[in-house]
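Please work from the sequences and hints to get the whole structure.
2 protein chains.
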Amino acid sequence: MPIPWTMYQTETRWADQFVLVKSEPNQAKRVNSDTETVPLEEAVRIVRSIAHKTGTETIPVDEADGRTLSESIFAPDDIPGFDRATVNGYAIISSDTIDAQIRPINLTIVGSITKGLSKNHELSPGQAFSIQTGGKLPAGADSVILEEDSIVQGDVISIQHPVPPDVHIIRRDEDFKKGEPVYPAGWILRPQDIAVLVSIGRIRVKVRKKPIIGIISTGRELVPSESIPKSGEVREVNSYLVTAFCKRQGAIPVRYGIIRDDAEELTRLIEQASQECDAIIVSGGSSRDEHDITAQVIHKLGKVYTEGISFAPEKRTTIGQIDSVLVIGLPGHPSATFMVLTLVVIHLLQAMKGSPNQQVYRKYVRLTDTLHASKDSDRYIRVTITDDKATPVFGKSGLIHMLSQSDGIVKIPAGSKGYNVGDRVEVMIW
Amino acid sequence: MPIPWTMYQTETRWADQFVLVKSEPNQAKRVNSDTETVPLEEAVRIVRSIAHKTGTETIPVDEADGRTLSESIFAPDDIPGFDRATVNGYAIISSDTIDAQIRPINLTIVGSITKGLSKNHELSPGQAFSIQTGGKLPAGADSVILEEDSIVQGDVISIQHPVPPDVHIIRRDEDFKKGEPVYPAGWILRPQDIAVLVSIGRIRVKVRKKPIIGIISTGRELVPSESIPKSGEVREVNSYLVTAFCKRQGAIPVRYGIIRDDAEELTRLIEQASQECDAIIVSGGSSRDEHDITAQVIHKLGKVYTEGISFAPEKRTTIGQIDSVLVIGLPGHPSATFMVLTLVVIHLLQAMKGSPNQQVYRKYVRLTDTLHASKDSDRYIRVTITDDKATPVFGKSGLIHMLSQSDGIVKIPAGSKGYNVGDRVEVMIW
Chain A
1 MPIPWTMYQT ETRWADQFVL VKSEPNQAKR VNSDTETVPL EEAVRIVRSI
51 AHKTGTETIP VDEADGRTLS ESIFAPDDIP GFDRATVNGY AIISSDTIDA
101 QIRPINLTIV GSITKGLSKN HELSPGQAFS IQTGGKLPAG ADSVILEEDS
151 IVQGDVISIQ HPVPPDVHII RRDEDFKKGE PVYPAGWILR PQDIAVLVSI
201 GRIRVKVRKK PIIGIISTGR ELVPSESIPK SGEVREVNSY LVTAFCKRQG
251 AIPVRYGIIR DDAEELTRLI EQASQECDAI IVSGGSSRDE HDITAQVIHK
301 LGKVYTEGIS FAPEKRTTIG QIDSVLVIGL PGHPSATFMV LTLVVIHLLQ
351 AMKGSPNQQV YRKYVRLTDT LHASKDSDRY IRVTITDDKA TPVFGKSGLI
401 HMLSQSDGIV KIPAGSKGYN VGDRVEVMIW
Chain B
1 MPIPWTMYQT ETRWADQFVL VKSEPNQAKR VNSDTETVPL EEAVRIVRSI
51 AHKTGTETIP VDEADGRTLS ESIFAPDDIP GFDRATVNGY AIISSDTIDA
101 QIRPINLTIV GSITKGLSKN HELSPGQAFS IQTGGKLPAG ADSVILEEDS
151 IVQGDVISIQ HPVPPDVHII RRDEDFKKGE PVYPAGWILR PQDIAVLVSI
201 GRIRVKVRKK PIIGIISTGR ELVPSESIPK SGEVREVNSY LVTAFCKRQG
251 AIPVRYGIIR DDAEELTRLI EQASQECDAI IVSGGSSRDE HDITAQVIHK
301 LGKVYTEGIS FAPEKRTTIG QIDSVLVIGL PGHPSATFMV LTLVVIHLLQ
351 AMKGSPNQQV YRKYVRLTDT LHASKDSDRY IRVTITDDKA TPVFGKSGLI
401 HMLSQSDGIV KIPAGSKGYN VGDRVEVMIW
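From first to last, the protein sequence lines stand for chains A and B. For reference, each letter of the first sequence is one residue, going 1 to 430 in full-length UniProt numbering. For reference, each letter of the second sequence is one residue, going 1 to 430 in full-length UniProt numbering.
Keep in mind the hints are simulated off the structure, nothing from the lab.
One copy or two, it doesn't matter: identical chains are merged, so the pair holds either way.
Here are the computed lysine to any residue pairs in the SDA-like style, where the Cα-Cα straight-line distance is at most 20 Å: (1) Lys411 x His347; (2) Lys230 x Gly201; (3) Lys389 x Tyr364; (4) Lys178 x Ile228.
Structure below.
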C-alpha cells in the first residue's frame, strides 16, 4: 500500500500551476512608482515564478533528513519479500480447519521456525509449524493461530474453530509491491521516510542541492558584530539573522559583508554574488533612508519586479532578478527583516528546493486584545501565545527585542472589521 | 523591555517540579511482572526524573541556532546606547513648541544629522536639526517632527501645533537597559534570538552540550541495510530512524551495530555504550520474541523501572538505568519505534538538553471516521490531515509504510466514549 500520491502536491503538479505565470512575462512587470506596492500574495507569486530549482545530487540516505527528493522512488522488490507471521503461534493451512465447525481437528506439529534466515520449509495437509513473530511462513501455510489460543499436547495441536485464511500474517508484497510508487519527486524527507527508504534498500537518494544564498548588509550606521559600536553606530545583526534562517530552511548562507551605503561597492558585490550564488538577499538598502540603493543597483544589473509589498508594518521589500539569480532587498530593521523572511523569503527557499508542499504550522487561539484592520493594507501583527490565548505584541519596529518576544503572527485582512477580544484567530507559528 | 520571564518555564522552575520525584526514589520502582505496565504520563515522568542534563560548552553565536542556553543572558549595556530618530524629519526640543497652540512657532535649522557615527551635536532652544531615520539625536532634543508634516522655508521650520516629548524617537535604553535580563537559562535559541544576542554584543554563548545517544539494534532477522536480505531476513532500519530522529532533536547519535539476539554480546555493547554515551536506545530487544533480553541485560547491569507502557498499540518499552545512563528499549517494528520516539524519547532528549519548554505542535481538526476507545489503555491512532480533516490510518504495526503515511497522532483516553465522525480532535503533529 503506497502513499496516496494524490493527497500531495507533486513536483509536476506544482510546476503546472506556474505554466500560466511563465508564459505571461508581463505579469511580473517592473513597478516604477516609488509608492507602488504589491500585495503579499502577489510578491510570493512573483518569487515563486522567478525562482529556479537547484540542481540535483546523490547523497547517502542517512544524511537526507530534511532534503527534497528529486527523483520518484519505486519499490525495487516485494517487501518484506516473504510471508511473515505477525504473532507467536502455529502456521497452518486454513482449509484444513473447515471441519472444526463440527468437531475439533488435530494437526501434527512437524517443526519450529524462528525468525531470520530459514530453510524453505513446506507444510502438508494435516500439519502445523510452530512459528515466531516475524518468522517466514512455510510454503502452503496461509494463516497463523495465536499461541495463547492454542491447545497443544505433545506434537499435536487441537483446533476448535475454523480459521479463515490470511490471519496473523503479512503477505510477501503487503508492505510494498515491486514497482509500486513509494515517494514522489518533491517529497521532503523526514526521519520516518529515511526508515522507509532503508527498508526498501535505498541507501542513496537523489535530492535537490541546497540553494546557496548570498547575504549582503547595507547601512551607514552598521559596524561588525565583533566591534564595540561608538555612539551613533549599531552592530550589524541582519546577516546573522538571515544566515540562521537560511540554515534552518536547508540552504547554504554565504556572507558578503557590510556595505556602508556605497552604491559602487554594492554593485560590485551584487555582481560577484550573482555569479556565485543561487539567490541574493540584501538587507537594509531597501529602507527609504538608503534611497533605494538596492533597487537602483538591481535595476542597473537586471530588472526590478517590485519595490514594495503592501502589508503593514513593513512595506519596503525589493524583488528583482539578475540573469537567473533572484535578488531580494529586505528592510533594515531586524524585526522587519524577520517578518519578510518568514512571509516571503521562505517561499524562495522552498521553490528553489522544489518543496512546494512544506508545511507552515498554524494554531487557532483566542485573542486577548482588539486588533483593528487597516483600510488599504493587510496587517500582520506579532502575537505571543500563552495558555492557548494570543496576545498582540505592539512596539516600534526599530526595537530588536520584538524579535524574541513573539510566537507567531496574525493576519488582519485590509478593509475587514478586524478582531475583537475573544475572537478565534489563526496564528502562523514562526 | 525584556522577555517576560514569568511566561516561560525557566530551567530552575522546571527542576523544582522534580524535587518531589527525586526525593522519593521508590516511586520509580522496578516493575517485575511481565504484564505490568505504566501509563504514558508515568513513563515520561520516570524518564524526565532520571535524565541528567548534559554539560555546558561555549560556542560562536552563529552556530547556536536550536541549542539551549545554559546561562542567563543580561544586557551588558544600554541598547541602542543613544537616542535615535525613527523617521526622517527634524529633531526639536518639545517644550519649544508649547506656544504653537496659540500661534505658529519658527525654529532655525542649524544642521543635518545622518545615521552612523556622528559628532556630539547640541540643540539650543529655538533650534532644530534635520535628521535621518536611525540618526543620533543631538543633546537636548526629545522629539522628532516627521519630514512630511514639516513646513520648511530655507533654514526655518514652522511648527503649527505643539509637539509632545518622546515622539518618533527610541530612547538610549529603550531596547535593553544595562543589566536587564534578556534570556533565561534553558531558552532554546531560534534565528531571531541569534539576532538579539548579536545586537547586544554576545557573539559567544554558553549552551548545553548535545547529548550523545548510543544506538543498538537487536533482532535475529536483521541484516545491515547495505546487504541484500535472503528470504526470511529483513534490512535493519531502526538505527537509521533513531539516528535521524536524534539528529533532528539536536543530539549526537552513535551507532553500535546490530545484535542478533545474543545476550552476552548485547551485555558487552550496552556496557561499552554506557561508558561512552549520555543515554542508550536499544531497539527490537523489547518485543516478546526477543524474550526481553534488553530488560534482562539492563537488570543485570543496573535497574529496570518498567518493561511496558500501557498504551495501544505499542506496549513494549523498557526503561532502565546503568549508573547515571538512561537506557530505553524500544519495540522492534519501525512504526512502533517511531511512536515511542515521538512520545517518550523526545522527553529524554529535551530533559538532557535542559529544554523543558520545547513546543509540540498541535492542531484541532475534525475526524472523518469513528475512533473507539479501549477500556484499559489509552489508544494513540495515527492520522493523516487533509483539508483540515483528520483521517485515521489503520494498519498492521509490522508494516513499514505506516511510517510515511501519517501526519500526527490522536489520543483516545482509556475508558472514554471515543470519538465520532465530525468530532473535533487534537492532533499532535509529528
